[in-house]
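Read off the chains here:
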Amino acid sequence: MSDKVLHRPPDIDLFGAERPRFDDALTRRIGADPENLERGLAQLVLTVVELLRQVMERQALRRIDAGGLSPEQEERLGQTFMELSRRMDELRDEFGLEAEDLNLNLGPLGNLL
Amino acid sequence: MIRLYAFARHPGPALPDVPGLVEVPFDGLAALCGPAAEDDREATPEALWRHEEVVEALMRDRDVLPARFGTRVADEADAVRAGTAQAEGLHAALAHVSGAVELSLRVRAREPAECPEALERRLAPLARDAVTSPPGDEGEVLRAAYLVERVRVGEFQAQVARLQADHGDLALLLTGPWPPYSFTGARA
Numbered sequence: 003m004s005d006k007v008l009h010r011p012p013d014i015d016l017f018g019a020e021r022p023r024f025d026d027a028l029t030r031r032i033g034a035d036p037e038n039l040e041r042g043l044a045q046l047v048l049t050v051v052e053l054l055r056q057v058m059e060r061q062a063l064r065r066i067d068a069g070g071l072s073p074e075q076e077e078r079l080g081q082t083f084m085e086l087s088r089r090m091d092e093l094r095d096e097f098g099l100e101a102e103d104l105n106l107n108l109g110p111l112g113n114l115l
Numbered sequence: 019m020i021r022l023y024a025f026a027r028h029p030g031p032a033l034p035d036v037p038g039l040v041e042v043p044f045d046g047l048a049a050l051c052g053p054a055a056e057d058d059r060e061a062t063p064e065a066l067w068r069h070e071e072v073v074e075a076l077m078r079d080r081d082v083l084p085a086r087f088g089t090r091v092a093d094e095a096d097a098v099r100a101g102t103a104q105a106e107g108l109h110a111a112l113a114h115v116s117g118a119v120e121l122s123l124r125v126r127a128r129e130p131a132e133c134p135e136a137l138e139r140r141l142a143p144l145a146r147d148a149v150t151s152p153p154g155d156e157g158e159v160l161r162a163a164y165l166v167e168r169v170r171v172g173e174f175q176a177q178v179a180r181l182q183a184d185h186g187d188l189a190l191l192l193t194g195p196w197p198p199y200s201f202t203g204a205r206a
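Which chain is which? The protein sequence lines are A and B, in order.
For the working numbering, count along the first sequence from 1 and bump the result up by 2.
For the working numbering, count along the second sequence from 1 and bump the result up by 18.
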């Protein structure tokens, strides 16, 4: 079902118990469903975590490129990020979120990620 | 019991590929029906979505007067009876919605507020028809459905975006296009 949202307000939180994303408007329960509220919150939290992960990853790559790390340090960094990425996938799965769900539309600024 | 999805003109284009969907003609119209299921009364998101999918598939190539989810009649003869009784109204309603879709606008505010007359003044000219419902709660400023010609949907969307920019204290949510549920004037 294509996106039914033709205009989304900046203050989407005013629409209370309804989900932050309306792409599948009819496939989400409308009303104060605790499961959905939790999922909406998880979505926001994981989006922020994903943003931080990407920022950290980029910083680490810059350090590696600049040659400031020993082979062991580079190896450990690589492993850490693989682990982080894997853990993110797990968390997303737990909350039934797709990769595209972890994004925030900033209106005229485009998407956060 | 069988499900009623919509009324449309007859004859019409070939039906979309929906199992069990049939066209029951009468008076230059047709009742579009399908087999009922045990859980028809249960408005689960999945069931609502399946109903919506059928109605939207029908709407892709014909004008329809959609029936609400859960509308059932005893059998095809009953569908014809219900339709025939209001055939004139159905023809008029089909003409009214022809080539148009429903857009749903909801406006909320942090403080209880009157609906700025600018909203309705700037939107009404872009729509063929409009229906306003009483606000659901204190935070709701406007709940309206607009019947908008398909070709003017972009214009309407742009106008809502401009209204949002002009009213930072309000939150405007526009969804659609939907089948013209609010503009059928029909009862099944």
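Simulated from the structure, these hints should not be mistaken for laboratory data.
Ideal placement from N, C-alpha and C gives every residue a C-beta, glycine not left out.
Any given hint could be a false lead.
What the hints assert, rightly or not - If you anchor each label on the Cβ, the simulated ranges turn out as follows:
| id | chain 1 | residue 1 | chain 2 | residue 2 | range |
| --- | --- | --- | --- | --- | --- |
| 1 | A | Glu100 | B | Gly88 | 44 to 50 Å |
| 2 | B | Ala142 | A | Arg88 | 38 to 44 Å |
| 3 | A | Val47 | B | Ala103 | 53 to 59 Å |
| 4 | B | Arg139 | A | Val50 | 57 to 63 Å |
| 5 | A | Val47 | B | Ala176 | 29 to 35 Å |
| 6 | B | Glu156 | A | Glu85 | 45 to 51 Å |
| 7 | A | Val50 | B | Glu156 | 50 to 56 Å |
| 8 | A | Met84 | B | Gly117 | 52 to 58 Å |
| 9 | B | Pro130 | A | Gln61 | 43 to 49 Å |
| 10 | A | Asp95 | B | Arg99 | 48 to 54 Å |
| 11 | A | Arg88 | B | Pro43 | 55 to 61 Å |
Claimed, not checked - Calculated from the model, a selection of chain B residues having no Cβ within reach of chain A, i.e. all distances over 10 Å:
| id | residue |
| --- | --- |
| 12 | Val40 |
| 13 | Glu56 |
| 14 | Asp58 |
| 15 | Thr150 |
| 16 | Arg170 |
| 17 | Gln175 |
| 18 | Ala189 |
| 19 | Gly194 |
| 20 | Tyr199 |
| 21 | Ser200 |
Stated by the list, open to error - Some chain B residues flagged as far from chain A (calculated, every beta-carbon gap over 12 Å):
| id | residue |
| --- | --- |
| 22 | Arg27 |
| 23 | Ala32 |
| 24 | Pro37 |
| 25 | Ala142 |
| 26 | Asp147 |
| 27 | Ser151 |
| 28 | Gly157 |
| 29 | Ala179 |
Review point. Any of the earlier hints contradicted here, and which numbers?
Key: 1, 2, 4, 7, 17, 18, 19, 28 and 29
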